[in-house]
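K.L.:
Spelled out from the first residue to the last, the chains are:
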Amino acid sequence: MVTLVASPLDAPDTKIEADATFTWVVPDAFGLYLADVPFDRAGTWQIDFAISTGEETEPFLIDIAAEPTTTAIGEVAPQVETPTVPNTPIEDLTTDTDPLLSLYEVSLDEALSNGRKTVVIFATPAYCTSAACGPMLAQTKAMSAEYPDVDFLHIEVYGGFNEPGFAPDFDHLVPAVVAFGLPTEPWVFVTDESGVVGGRFDGVLGVGEVEALLDQ
Amino acid sequence: MADSMVFSELARSKPCWTNSVRALIFLVVLAIAVSACATSESTEGEVVGLVIEVTGDLTAIESFVVLDSSGDSYKFFPGDGMTVMGSPPMHLRDHLVSGEPVKVMYHEGSDSALIADDVVHGNA
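Here the protein sequences come in this chain order: A and B. Here the first sequence is numbered in the numbering used here, starting from 333 and rising by one per residue. Here the second sequence is numbered in the numbering used here, starting from 25 and rising by one per residue.
Check the hints yourself; a few may be wrong.
Claimed, not checked - In silico SDA-like pairs for lysine to any residue, Cα to Cα no more than 20 Å straight-line:
1. A:LYS473 - A:SER439
2. B:LYS99 - A:PRO391
3. B:LYS99 - A:SER439
4. B:LYS99 - A:THR461
5. B:LYS99 - A:ASP395
6. B:LYS127 - A:THR461
7. B:LYS99 - A:ALA404
8. A:LYS473 - A:LEU545
9. B:LYS99 - A:PHE392
10. B:LYS99 - A:GLU390
11. B:LYS99 - A:ILE394
12. B:LYS99 - A:LEU393
Unchecked claim - Restraint ranges, calculated between C-beta atoms of paired labels, are given here:
13. A:ASN494 - B:GLY103: 37 to 45 Å
14. B:ALA137 - A:ASP481: 49 to 57 Å
15. A:PHE502 - B:ALA137: 23 to 31 Å
16. A:GLY447 - B:TYR98: 27 to 35 Å
Think of the hints as simulated: they come from the structure by calculation, not from any bench. Quick caveat, the model's predicted, so the values are computed rather than measured. Where a beta carbon is used, it is the ideal one built from N, C-alpha and C, also for glycine.
In isolation and in its complexed conformation, chain A is listed as follows (with noise of 0.2 Å):
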């Protein structure tokens, strides 16, 4: 068993512990340890993990902002509009190399109003390449599959990459990404009917966590 201890620096005596709990992101083959944690206040917490077999791992820091910077759970997604096919060739939607047409058929802003639930992916596959990063698109379209009355989205981080000249920089950041406040890629956010974030998840996705918010 896997239990994770959260300590604000300030405060070392406080101590916050919940048990993780092991989710496959590529079964059998790359998973992850998954805890929530209440943190109570903002600031830097040291975070330790104890395990049941005696093995030890090295305490890390992390900083808890007071607000979110990025569109949090509970509010209302921006209504961004977004390109779409055909009205813009698909090898300039994506840098996936097999793209799912039926991820750029919707803008984002038709998406969020139309009263079905969304699934939103920001992800530059051609630089999502790691084992955390590169199932989360491929998780993303496997899921549409299976959930015909949602609308799933593949949004890319930087446009104009088929430009000559073309730098992963804030100047081609696309206005979804900026109006999500995003820091890093990738994220999914699902959305209900209405357009509310009901849950956003950074950089790495368990097996049925987006499962469970749609069968909500």
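We have chain A; now place chain B onto it with these hints.
P.N.:
Chain B in isolation, oriented as in the chain A frame:
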């Protein structure tokens, strides 16, 4: 000090313009010597380990920390032109999440900060 004394003796036996040229040459040689000396004192190296912290955003990173297998951590600042496996620097965060090791080629800056020149996969 010894070089300066030799130069002074030579200067006394030559015309004035020659002295100026020699002085210029001497200064250039001295500057090169100082530069070479500084270069030889700077530290270069590489570290293989796990990324345990990344600060920055989608367009640039401010710093990152790598933990090696000995348990030593190294805080790096991105150097001009630092490359990260052909991806934007924030790709380092993917390695933080996935636990895939990285190899950092670095040099020591003038203020002893570690400047990352290149980051590749740890098994590269």
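K.L.:
Each hint needs a verdict: does it hold in this structure or not?
P.N.:
Hint by hint, here is what the structure shows:
{"no.": "1", "hint": "A:LYS473 - A:SER439", "in the structure": "holds, 17 Å"}
{"no.": "2", "hint": "B:LYS99 - A:PRO391", "in the structure": "holds, 16 Å"}
{"no.": "3", "hint": "B:LYS99 - A:SER439", "in the structure": "violated, 42 Å"}
{"no.": "4", "hint": "B:LYS99 - A:THR461", "in the structure": "violated, 24 Å"}
{"no.": "5", "hint": "B:LYS99 - A:ASP395", "in the structure": "holds, 17 Å"}
{"no.": "6", "hint": "B:LYS127 - A:THR461", "in the structure": "holds, 17 Å"}
{"no.": "7", "hint": "B:LYS99 - A:ALA404", "in the structure": "violated, 30 Å"}
{"no.": "8", "hint": "A:LYS473 - A:LEU545", "in the structure": "holds, 16 Å"}
{"no.": "9", "hint": "B:LYS99 - A:PHE392", "in the structure": "holds, 13 Å"}
{"no.": "10", "hint": "B:LYS99 - A:GLU390", "in the structure": "holds, 16 Å"}
{"no.": "11", "hint": "B:LYS99 - A:ILE394", "in the structure": "holds, 15 Å"}
{"no.": "12", "hint": "B:LYS99 - A:LEU393", "in the structure": "holds, 14 Å"}
{"no.": "13", "hint": "A:ASN494 - B:GLY103: 37 to 45 Å", "in the structure": "violated, 29 Å"}
{"no.": "14", "hint": "B:ALA137 - A:ASP481: 49 to 57 Å", "in the structure": "holds, 54 Å"}
{"no.": "15", "hint": "A:PHE502 - B:ALA137: 23 to 31 Å", "in the structure": "holds, 24 Å"}
{"no.": "16", "hint": "A:GLY447 - B:TYR98: 27 to 35 Å", "in the structure": "violated, 52 Å"}
Violated hints, listed in ascending order, are 3, 4, 7, 13, 16; each of the other numbered hints is respected by the structure.
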